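Colleague: So the protein sequences, as listed, match chains C and D. Offset between the first sequence (1-based) and the numbering used here: plus 1. Offset between the second sequence (1-based) and the numbering used here: plus 9.
What the hints contain is simulated information worked out from the structure, not anything from laboratory work. Each hint should be verified, as a subset may be incorrect.
[Stated by the list, open to error] No more than 27 Å apart at the CA atoms, straight line, and that leaves these computed lysine-lysine pairs for BS3-like:
1) D:K338 - C:K180
2) D:K40 - C:K89
3) C:K83 - D:K384
4) C:K180 - C:K160
Remember, predicted model here, so these are calculated numbers, not experimental data.
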Amino acid sequence: NPYAGLVQHLRTSWLSRKTWPMQYRVAQLEALGRFLEEEEEEILEATTLDMGKPHFETQLSEIFVCRSELNHTLNNLSTWMKDKHVEKNWAMQLDSAFIRKDPYGVVLIIGPWNYPINLILVPLIGAIAAGNCVVVKPSEVSKNVERLMAEALPKYLDKDCFAVVTAGVEGTTRLLENKFDYIFYTGSPSVGRVVMRAAAEHLTPVTLELGGKNPCYVSDTCDVQNVARRLAWGRFFNAGQTCLAPDYVLCSLEVREQLLPALREAIHEFYGPEPRESSSFARIIGDRHFQRVRALLSSGRLALGGQTEAGTRYIAPTVLVDVQEDDPVMKEEIFGPILPILTVKSVEEAIAFINARERPLAIYVFSSHKQVVNQVLERTSSGGFCANDTLMHFTLTSLPFGGIGQSGLGRYHGRFTFDTFSHPRATLLR
Amino acid sequence: MERMQQVVGRARAAFNSGRCRSLEFRIQQLKALERMVKEREKEILAAIQADLHKCGRKTITFEFLSVLEELALATGRLPAWAAPQPVEKNLLTIRDETYTCFEPLGVVLITTTWNYPFLTIMQPLVGAIAAGNAVVTKPSEISENTAQLMAQLLPQYIDQELYPVVTGGVPETTELLKQRFDHIFCITNTTVGKIVMAAAAKHLTPVTLELGGKSPCYIDKDCDLAVACRRITWGKYMNCGQTCIAPDYILCEPSIQSQVVENIKATLQEFYGADVKSSPDYERIINKRHFQRILSLLEGQKIAHGGETDEASCFIAPTILTDVSPESKVMEEEIFGPVLPIVTVRGVDEAIEFINRREKPLALYVFSNNKQLIKKLTSETSSGGVTVNDVLIQYGVLSLPFGGVGNSGMGTYHGKHSFETFSHRRSYLVKDLKMEILNMWRYPPSSQRKVDL
Chain C
2 NPYAGLVQHL RTSWLSRKTW PMQYRVAQLE ALGRFLEEEE EEILEATTLD MGKPHFETQL
62 SEIFVCRSEL NHTLNNLSTW MKDKHVEKNW AMQLDSAFIR KDPYGVVLII GPWNYPINLI
122 LVPLIGAIAA GNCVVVKPSE VSKNVERLMA EALPKYLDKD CFAVVTAGVE GTTRLLENKF
182 DYIFYTGSPS VGRVVMRAAA EHLTPVTLEL GGKNPCYVSD TCDVQNVARR LAWGRFFNAG
242 QTCLAPDYVL CSLEVREQLL PALREAIHEF YGPEPRESSS FARIIGDRHF QRVRALLSSG
302 RLALGGQTEA GTRYIAPTVL VDVQEDDPVM KEEIFGPILP ILTVKSVEEA IAFINARERP
362 LAIYVFSSHK QVVNQVLERT SSGGFCANDT LMHFTLTSLP FGGIGQSGLG RYHGRFTFDT
422 FSHPRATLLR
Chain D
10 MERMQQVVGR ARAAFNSGRC RSLEFRIQQL KALERMVKER EKEILAAIQA DLHKCGRKTI
70 TFEFLSVLEE LALATGRLPA WAAPQPVEKN LLTIRDETYT CFEPLGVVLI TTTWNYPFLT
130 IMQPLVGAIA AGNAVVTKPS EISENTAQLM AQLLPQYIDQ ELYPVVTGGV PETTELLKQR
190 FDHIFCITNT TVGKIVMAAA AKHLTPVTLE LGGKSPCYID KDCDLAVACR RITWGKYMNC
250 GQTCIAPDYI LCEPSIQSQV VENIKATLQE FYGADVKSSP DYERIINKRH FQRILSLLEG
310 QKIAHGGETD EASCFIAPTI LTDVSPESKV MEEEIFGPVL PIVTVRGVDE AIEFINRREK
370 PLALYVFSNN KQLIKKLTSE TSSGGVTVND VLIQYGVLSL PFGGVGNSGM GTYHGKHSFE
430 TFSHRRSYLV KDLKMEILNM WRYPPSSQRK VDL
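With the rest of the complex left out, here is chain C:
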């Protein structure tokens, strides 16, 4: 077991209770803050090298989000760490009954490649805040960020309590043979199953942030240009490689006819006449994914975009129409800059379509009518729900972020990350 020594080392540190005092946790969190500040250029460079991420996108979705979570955590940590007193029955009025938030111990965070900084650091912030020792396993697919984390993080964080492991599939499988006290995984449902199966061996609780196809219903009555802008932004950000992106659109034929020119307009506004030349549009992470996404272009009929260039792994912002349920583009999470539009006759049909499929990470609705929003909201189930915009519920730290069913289990962000990595220990003192 190649990682047994490392895990043992962290466990020894854990038993020494080094990570328990608040001052220690604050010091480590502040060090993470310095990492974000001092390594900003390196982060921008690494994410550009990995997937052509425009600097602005990295600033927003990686650095800003992490700083926001860090500040929120530092400002609230002392409150979160306090014992929470609970309601007592009459027989216990003289006693003390409360919930204490205990750290779990040695926890493992496995990150994905699409937002490789954010999706490691935000859980890491919560894990540290909750007083745990942490093993971080960044994705080997975003290899420049992986290298950056492996080299730089140990310079900022206490090496006795925090470690970065670089490993591929084989190595990660070996890593999962060790006993951890919590495992936090972000990635695909199929690997999620493998992680949970491995966790079951040690009865390790898990949080799995997975994915799926996030539907977006656009109703008959709304300000189409604003819809198109918000929709295009959510879909084409990071060249579509966002677990939360609107994966496909459901709308009537009439709405589609209005939406298409509006989308063309929005894409033009964002990326200019030739998105390939825009510095604001990312690329696909690697050749395998490029080929996978490119193959989806043959579904339905091309309405906008469709150009590709293998050398730079460029796929243009694309809209497909006349897509059928059993087309390849509707069989898997797209995770690329393709937006299929399927036509439905009514909101009821849209709801039925959504409910016939696996529950997604997010459901989006665009409508200027509250009743339409409420109808979809009340009759569907999803990790989260956002009306009249895309992605934005991710940025509010007070909203728990997580999936349901195949899109995941558990939730985090803000206080919820702290709670995820804490064991709520019921305490009764007589």
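Put chain D on the given structure of chain C with help from the hints.
Modeller: For chain D alone, coordinates are given in the frame of chain C:
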């Protein structure tokens, strides 16, 4: 077995019909359960007695009272629990509606255990129904009278399709675990817990596992020993030791070991009289298999009190073992019987080290008047829960989350915690389509001005 597939399929269709979404429906079902508990008390009592040879009214009253309290809490508070909860907004969302809402998960599986066969079915069931789910209940086949009775009674009071009861043993449970559920709640032991979680992993089903372990009980020199021992005796020998949060073993300094024994002996006399076997308040071991298992734990041990057994009636007398070696068999597995080992330690530091070398227990008990010692022991160890200067009663405080950590389990329930366990906390952000100008900063093409913003 197609039967399992059909049962679960029907429950899912019933859930998808949407009828258990409304709070009125759920409250109506919970009130029906309340009627069931009150109207059929005698039959339920008889079933539990038959399963566990329980004659003591006290124990059963506690089960009934807990269930009624859960039902009252759920029916009374459900509207508040299920109401949307607004969350704090940031500058970007200041004009929007931002809230979370607890929503049903779908079809939930509850598999329970035999030691408190009625309570352990009803408590999670109340939470799962309150949360708006369809629920498949699989009572333990070992407490078969209660299992059969529940299979008869529940359909008479609550929706048969939404809340089916499945009876059977290992083959039925195995088949059930192949089906897809939206949450699995299981009260069992560590070994089976791993199997359940592995099965759940295939469908990415979240689990709550209420397992067990050896709950240590540290008795400090500085405490009212008579009171401590009375409480420990009550908690240890209730239900013949077959309680997941019973104090499993005692840790104390050698100097007080014999006093502890004397105090417990005196309390046993008080509770059960000179002839325990004929006391109507003393139960029996559930079956021969467990009887044999517990008997084997006594081998080679120094029996300070008790030790009498009678296989025919699965009787094991309240037993105390002294100077127990940490490596002995009785210290390896959860005892789940009326055998109380005392392991001597030199002080609280050694006790902490002892506890931390072993798997994390479901409960940790400390008896002491010394606040520093209590603080040290509780903060330097980990356990599902902690109770100081008493045992078991944490179970009855429904506002406290009940659950284990590490090998003793994952997830919590009781009261509102059950409701939350069986719910999905969905996040909502509702914006309007106007004021697009407020979004312009985030759209490409990027510029330094936007970055600085």
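Colleague: For each hint, tell me whether it holds in the structure or not.
Modeller: Checked hints:
{"no.": "1", "hint": "D:K338 - C:K180", "result": "holds, 25 Å"}
{"no.": "2", "hint": "D:K40 - C:K89", "result": "holds, 24 Å"}
{"no.": "3", "hint": "C:K83 - D:K384", "result": "holds, 15 Å"}
{"no.": "4", "hint": "C:K180 - C:K160", "result": "holds, 19 Å"}
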